[in-house]
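Chemist: If you want the building blocks of each chain, they are given just below.
Number of protein chains: 2
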Amino acid sequence: MEEKNKDQHPIKPGSTEFTHLFPPSGSSSDNEIITTSTSVEKQTSFVSFPRVDYVIVFKFPTKGKEKRETLQSKAQQQLDILINKLSRVGLNYQIQRDKRTQGTLFVFITCPNIVLKKELKRERIRDFLLGIRANEYNKEDEDEKKDLFDTNIDLLTDAERLRIVYEILTESEQEGGANISTEVDPFVDSLFPLHNDEFNKKWIHTWSKKSFINDEDLTQIRNHFGEKIAFYFAFLQNYLLWLSGPAIIGSCITLFGFKSLSIWFSLIMLIWSVVYIEMWKRKEQTLALKWNVRHCSKHEKQRLEFKGDRMVMDEITGEQVPFISTWKILSRRAMSLPGVALGAFFLSIIVGCVFVLQLFLHEYYTGPFRQILHYTPTIGYVLFIPTMTNIYSSWVKILNNWEMHKTESSWEYFYTQKIFIANFLVAYLSLFFIGWIYIPFGDHVLPYLTELHISHSHTKVDFNRLRGQLIYFIVTGQIIGFATEMLLPYVMNRLLPKVKKVAHEKKKNDPSSSSSEEEEEEKDKNLQSRNTTKFLKKVYRQVDLPEYNIYTDYVEMVIQFGYVSMFSTVWPLTGLCCIINNWIELRGDAIKICKYTRRPIPYRSEGVGPWIGNMETLTWLSSITMASFAYLFHPSTNIHSPYTPIFTILAILLSEHLYVFIRLIVRSSLNALPNWSDIMIRKGELRMKKVWLQRLLGRNNEEFISSSSSSTTTTTTSMNHSTSFYDVSQVISDAFKQE
Amino acid sequence: MEEKNKDQHPIKPGSTEFTHLFPPSGSSSDNEIITTSTSVEKQTSFVSFPRVDYVIVFKFPTKGKEKRETLQSKAQQQLDILINKLSRVGLNYQIQRDKRTQGTLFVFITCPNIVLKKELKRERIRDFLLGIRANEYNKEDEDEKKDLFDTNIDLLTDAERLRIVYEILTESEQEGGANISTEVDPFVDSLFPLHNDEFNKKWIHTWSKKSFINDEDLTQIRNHFGEKIAFYFAFLQNYLLWLSGPAIIGSCITLFGFKSLSIWFSLIMLIWSVVYIEMWKRKEQTLALKWNVRHCSKHEKQRLEFKGDRMVMDEITGEQVPFISTWKILSRRAMSLPGVALGAFFLSIIVGCVFVLQLFLHEYYTGPFRQILHYTPTIGYVLFIPTMTNIYSSWVKILNNWEMHKTESSWEYFYTQKIFIANFLVAYLSLFFIGWIYIPFGDHVLPYLTELHISHSHTKVDFNRLRGQLIYFIVTGQIIGFATEMLLPYVMNRLLPKVKKVAHEKKKNDPSSSSSEEEEEEKDKNLQSRNTTKFLKKVYRQVDLPEYNIYTDYVEMVIQFGYVSMFSTVWPLTGLCCIINNWIELRGDAIKICKYTRRPIPYRSEGVGPWIGNMETLTWLSSITMASFAYLFHPSTNIHSPYTPIFTILAILLSEHLYVFIRLIVRSSLNALPNWSDIMIRKGELRMKKVWLQRLLGRNNEEFISSSSSSTTTTTTSMNHSTSFYDVSQVISDAFKQE
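Protein chains in written order, with the UniProt record's numbering: chain A, 1 to 739; chain B, 1 to 739.
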């Protein structure tokens with residue numbers, strides 16, 4: 001009995017077990033932790049377990065074909081491995097059972113300071129070698145040393161601490177990590193840090209108040225959730241501000257009833273897109289420098305899945321790394337293209353079907369159940385297409401893994417691209433279809449319908465159909481998006497517990513488990529374990545949450561950018577709608593991260609990564625769409641003349657060149673402008689090199705280093721009288737002599 | 001009398017004057033020089049003046065409105081200034097009179113070792129701070145110090161020595177230079193080093209023998225003439241090799257009588273151009289690294305002409321630099337565009353006229369003097385157009401100066417671009433005209449001619465006209481180019497001396513100057529001054545030569561590349577002709593530099609600079625020309641149908657996108673390939689930082705630096721027994737209990 005409960009009852013402080021958790025080496029520093037611990041619970045009970053950095057969810061099958069013993073032994077073996085790994089790298093841990101479900105354990109991980117310090121130092125040095133934290137060099141030489149390799153963990157931000165612990169957990173063994181990952185360990189279900197409720201409350205509170213998010217707020221997020229998340233919010237905020245341009249112009253056009261699709265508006269939008277993207281790149285650089293993550297992508301984290309054909313010595317670092325011939329990689333990438341194309345093809349067919357259905361129902365159909373059938377397409381968009389997209393995603397994921405990417409970053413890049421294709425199709429395909437096929441050739445559909453004896457009332461096919469679809473996407477789409485993103489999880493959160501409870505109740509009634517239940521009940525009497533259960537409840541809640549997926553949020557924004565840049569000439573209010581949506585989105589995402597997802601692992605990143613490229617692609621496309629629409633739907637154009645397609649293409653040709661030209665001008669003129677981050681970087685490098693030089697050459701050479709303009713003054717003195725050597729007047733007069 | 005001759009008679013070694021030339025500080029090292037001197041003449045006479053690094057030609061007016069005294073005093077004053085400058089920076093000098101022409105002096109400059117050493121050290125450190133000589137870090141740490149800041153001038157190459165002396169001469173005063181330049185000093189006519197005849201002989205000898213120039217040969221050139229020249233030859237050689245592709249394919253097509261203009265050939269050529277350019281970029285990087293000039297363009301040499309509005313502190317180095325607002329610069333650049341456009345417009349009109357004349361005479365005219373008139377256009381191309389181009393060049397030079405460029409590099413870049421426009425027009429305009437205007441619409445000219453009663457025999461306008469013009473440009477053009485480049489100067493060299501002599505003879509006869517002449521005659525008796533005169537003759541010869549202009553050579557090659565990439569579908573043998581021409585060109589340029597131009601100042605450069613961009617532009621254009629020709633002149637095309645223009649444009653649209661796509665693929669797949677220079681650079685940086693780190697942290701931290709994989713082994717021992725804390729089997733079985 002006593003044995004059995006060991007994992008349930010808390011470790012009493014002072015008991016051998018408790019002290020045992022802290023190695024003598026680290027014991028002193030651990031006291032620090034308890035004092036400096038910012039974690040929510042500060043009692044001396046179980047929950048005062050210094051601080052829980054990560055929770056590993058350890059799930060193993062309790063039923064199956066095999067006999068229970070085999071299952072059990074398997075699980076034991078795995079848990080043993082896990083524990084060994086943890087203790088090898090010197091992490092403290094405690095195991096708790098998930099009381100609600102069988103075959104699930106929580107391993108709470110804490111990193112003692114000594115281990116943290118060590119890893120931190122290693123990281124700092126690696127960063128330095130990679131040239132990250134460049135602007136640190138701008139400090140005075142004296143501070144510099146302290147600054148660069150300062151391992152005072154009290155100054156660490158939450159995000160930094162968690163990131164370092166994560167490194168310890170996930171790095172491969174030869175890198176000195178525990179090599180724990182869901183790929184390697186079959187029963188490790190997931191690995192995530194716990195939310196800091198205090199911070200979250202404060203965050204949501206402040207943001208719900210202030211209408212404008214400034215860099216300080218972003219830095220706060222960065223300190224708590226890491227750069228990757230911070231960059232998303234920075235991007236969103238920056239984009240929000242830039243949107244005001246199109247919003248204002250667009251509303252003016254609508255108010256004063258200029259005809260939309262004007263060439264001028266198209267041109268302005270084109271320039272806006274180009275300038276915005278270039279400016280964001282700069283902003284990104286600046287932030288990356290401020291946040292000390294410049295070049296951090298250079299630290300290419302080997303994918304644990306990447307094995308390579310053979311091991312070779314890395315030419316740069318001289319370490320052994322798995323190697324695979326470039327040709328093989330390239331060929332694989334090439335070969336996976338058809339696969340992606342296939343997926344995209346099927347997806348577009350489905351999107352097409354839904355769209356045609358919608359078109360038919362909205363435009364032609366007048367038969368029975370009109371009212372009800374009218375909403376079927378929307379359902380299709382909400383339920384059917386997303387599922388298809390998910391299928392596509394998992395398919396391309398397989399392909400992407402097959403491509404054998406060396407590093408996480410490259411894997412992520414190619415995966416993002418593939419995902420983007422799907423979203424691109426879903427978002428724009430139908431609009432392209434309407435604009436370029438349905439409106440020009442739509443009228444030919446009529447006869448067939450009559451033949452098929454389908455009762456229909458045909459409204460003339462015209463430009464408004466396109467506008468209607470666009471509005472449908474922007475307004476309805478965004479509302480639906482918001483609903484699925486925010487309301488759904490909210491409802492789920494409200495419901496799930498109830499459901500759970502009901503299930504619980506049932507269990508209570510069936511006698512088999514009652515005994516253990518009662519034990520718990522009575523145990524809940526004493527304070528400690530009430531805290532325990534309180535803490536566990538918190539864990540339960542967070543375990544049930546899904547992981548935060550940053551892709552979807554980025555995709556949403558970039559797709560929206562597409563609507564603005566490509567179609568806002570069709571409906572000038574696009575910008576305005578988006579600005580409103582994003583203002584809410586910004587808060588919504590904050591809430592989402594805090595309440596409806598697990599706390600994300602604080603990865604580092606240099607910026608928004610591949611999304612820039614995608615936005616540039618969209619801008620290029622916008623030059624095509626806007627030109628073609630501006631021509632096609634111009635009052636003076638007879639859309640049904642045989643020449644129309646050709647002239648449309650001419651318009652496209654023209655505007656594409658215009659786009660390239662504009663981009664050229666914008667870039668070159670921006671490069672001419674001084675760039676803060678460049679200056680800081682070069683300054684830092686210069687100082688660093690000077691320091692290095694001083695140490696290399698010794699102090700006596702400082703004259704050279706301090707300023708390269710220390711002219712050759714010494715020789716001057718020895719030479720300056722040599723003027724008298726030539727009697728100048730004589731020389732000159734001689735030169736005249738000849739005459 | 002004795003006074004007068006001081007500047008003519010040599011300084012006798014051992015005489016006070018001679019010793020005087022060398023400051024006591026440097027005297028020891030100077031003996032070194034004499035021994036290590038590689039200069040041609042090694043006698044103890046005047047010409048054994050250790051070695052003449054540079055010659056300043058000092059020209060001043062001897063006749064004019066002002067009285068002779070004023071002129072004389074002016075000249076004196078200027079010479080005084082010059083001499084002061086020289087002696088301030090500690091350069092030795094000697095003045096000789098140009099005996100042939102009055103009012104001309106030669107100032108022979110020699111840099112004593114002490115000064116050289118000092119400047120060299122400064123340069124080395126500056127280079128290091130700019131990250132030049134990156135691959136030097138790859139040496140072992142011990143050598144590194146010696147290596148990076150090695151100021152042993154015996155190891156200096158000719159080019160390096162001359163460059164450093166040049167720096168001393170031209171750098172501004174606050175940079176510690178003499179600030180001598182033709183802009184600043186009115187009477188300083190030119191400044192150039194003397195040829196090393198031995199080297200030149202060897203060079204031409206070897207190259208005339210071997211058919212293939214390898215990297216060693218290039219490195220030799222680099223060591224003697226500096227990187228800028230070396231890069232030109234590297235480019236030429238590399239281009240020559242790549243040309244073999246089009247040459248072979250082209251000849252095959254001609255031999256086996258495939259019809260030219262085939263789409264396949266066009267496609268192959270497009271891919272070839274793209275790949276070639278990308279590969280050259282790599283080659284360039286590699287060479288830049290090998291030659292230690294990577295990033296050397298970062299050392300932005302302030303233009304002496306650049307004054308700026310006010311002085312500000314440079315944010316990076318903290319030095320005072322002239323500043324001008326970016327907007328002003330941008331606006332000026334923008335404003336100078338119309339000026340360039342105007343120039344280009346007039347030039348194209350002239351080119352157009354010459355071309356139309358040619359067209360008329362070749363195609364239609366059958367009147368009197370047919371034979372003679374037939375050659376007038378060629379004369380136009382040889383004499384008239386070049387002069388016009390020169391006028392244009394000087395016009396854009398004015399504009400370029402007005403643009404206020406901060407650095408030499410940027411000035412050069414924009415100037416090159418402007419020059420390129422002119423050459424582009426001259427080279428291709430008529431071909432475009434034939435291809436896109438004359439052939440499609442040419443037949444409409446006929447009636448007008450008949451109206452004007454001009455006797456003409458009209459051959460049907462067809463595709464062959466274009467081919468004819470192309471062949472005319474490539475064959476005739478290149479022959480003429482060769483003639484003007486090589487034969488003309490050769491002839492001049494042969495003639496000029498004779499002319500001079502004749503003039504000389506005349507002088508002899510007129511009594512006034514006879515006296516001084518005779519003196520010289522009798523002086524020539526003794527050996528020393530015979531050497532003197534020998535040396536002076538050498539100087540005279542070189543002073544008469546023009547400066548080497550690298551632009552023209554680059555332009556020639558890039559324009560030729562344009563013919564190959566844009567038009568080789570029109571005449572498949574283009575590649576072959578060019579390969580032959582270039583093989584000769586390569587040798588011809590060598591001879592030109594040695595014999596027909598002054599020795600160029602050995603500037604550094606990272607590559608061919610702006611020409612890459614121009615070649616890329618040409619490749620883009622080639623996608624347009626080849627597509628349009630492939631469509632226009634396809635047998636199946638009826639060139640006179642009204643649809644032709646439109647479909648041509650469609651073809652262009654298509655192939656432009658194809659081009660962009662190809663470039664994308666090529667670039668990305670090349671980036672995937674490992675790149676030697678990248679590896680070397682990153683290796684170097686890593687090593688450098690490690691060294692820095694060792695010095696910063698002290699030896700005790702090496703464990704971290706040497707390998708980042710020194711895992712947290714220390715803690716392992718202290719922790720590894722913590723496994724026993726949990727009885728795993730117990731835990732698992734508990735997890736099962738619930739069932």
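The set of hints was computed from the structure by calculation and includes no laboratory data.
A few of these clues could be false.
[Stated by the list, open to error] One side only, chain A facing chain B, incomplete, derived with CB under 10 angstroms: (1) 241; (2) 318; (3) 649.
[Stated by the list, open to error] So the derived label-pair ranges between C-beta atoms look like this: (4) 541(B) with 315(A): 45 to 53 angstroms; (5) 314(B) with 346(A): 57 to 65 angstroms; (6) 547(A) with 634(B): 15 to 23 angstroms; (7) 308(A) with 634(B): 48 to 56 angstroms; (8) 644(A) with 401(B): 45 to 53 angstroms; (9) 370(B) with 616(A): 58 to 66 angstroms; (10) 668(B) with 315(A): 45 to 53 angstroms; (11) 666(B) with 493(A): 33 to 41 angstroms.
For clarity, every value in this text was computed on a predicted model and none was experimentally measured.
Where a beta carbon is used, it is the ideal one built from N, C-alpha and C, also for glycine.
Chemist: If a hint holds in the structure, say so; if it does not, say that too.
Modeler: Against the structure, the hints:
1. This hint is violated: residue 241(A) has a C-beta 23 angstroms from the nearest C-beta of chain B, more than the 10 angstroms allowed.
2. A cut of 10 angstroms between beta carbons decides the hint on residue 318(A): the least distance to chain B is about 9 angstroms, and the hint holds.
3. Annotation: interface hint on residue 649(A) holds; nearest CB of chain B at approximately 6 angstroms, less than 10 angstroms.
4. Here the CB-CB span from residue 541(B) to residue 315(A) is close to 52 angstroms, well matched to the stated 45 to 53 angstroms.
5. For residue 314(B) and residue 346(A), the hinted distance range of 57 to 65 angstroms is satisfied, since their beta carbons lie about 59 angstroms from each other.
6. For the hinted restraint 15 to 23 angstroms between residue 547(A) and residue 634(B), the CB-CB distance of approximately 58 angstroms leaves it violated.
7. At roughly 50 angstroms, the beta-carbon separation of residue 308(A) and residue 634(B) lies within the given 48 to 56 angstroms, and the hint holds.
8. Judged by the Cβ atoms, the range 45 to 53 angstroms given for residue 644(A) and residue 401(B) holds: they are separated by roughly 51 angstroms.
9. In this structure the hint that residue 370(B) and residue 616(A) lie 58 to 66 angstroms apart at CB holds, the actual value being about 59 angstroms.
10. The beta-carbon spacing between residue 668(B) and residue 315(A), approximately 22 angstroms, falls outside the hinted interval of 45 to 53 angstroms.
11. For residue 666(B) paired with residue 493(A), a C-beta distance near 52 angstroms fails the hint of 33 to 41 angstroms.
Going through the hint list in order, the structure does not satisfy hints 1, 6, 10 and 11.
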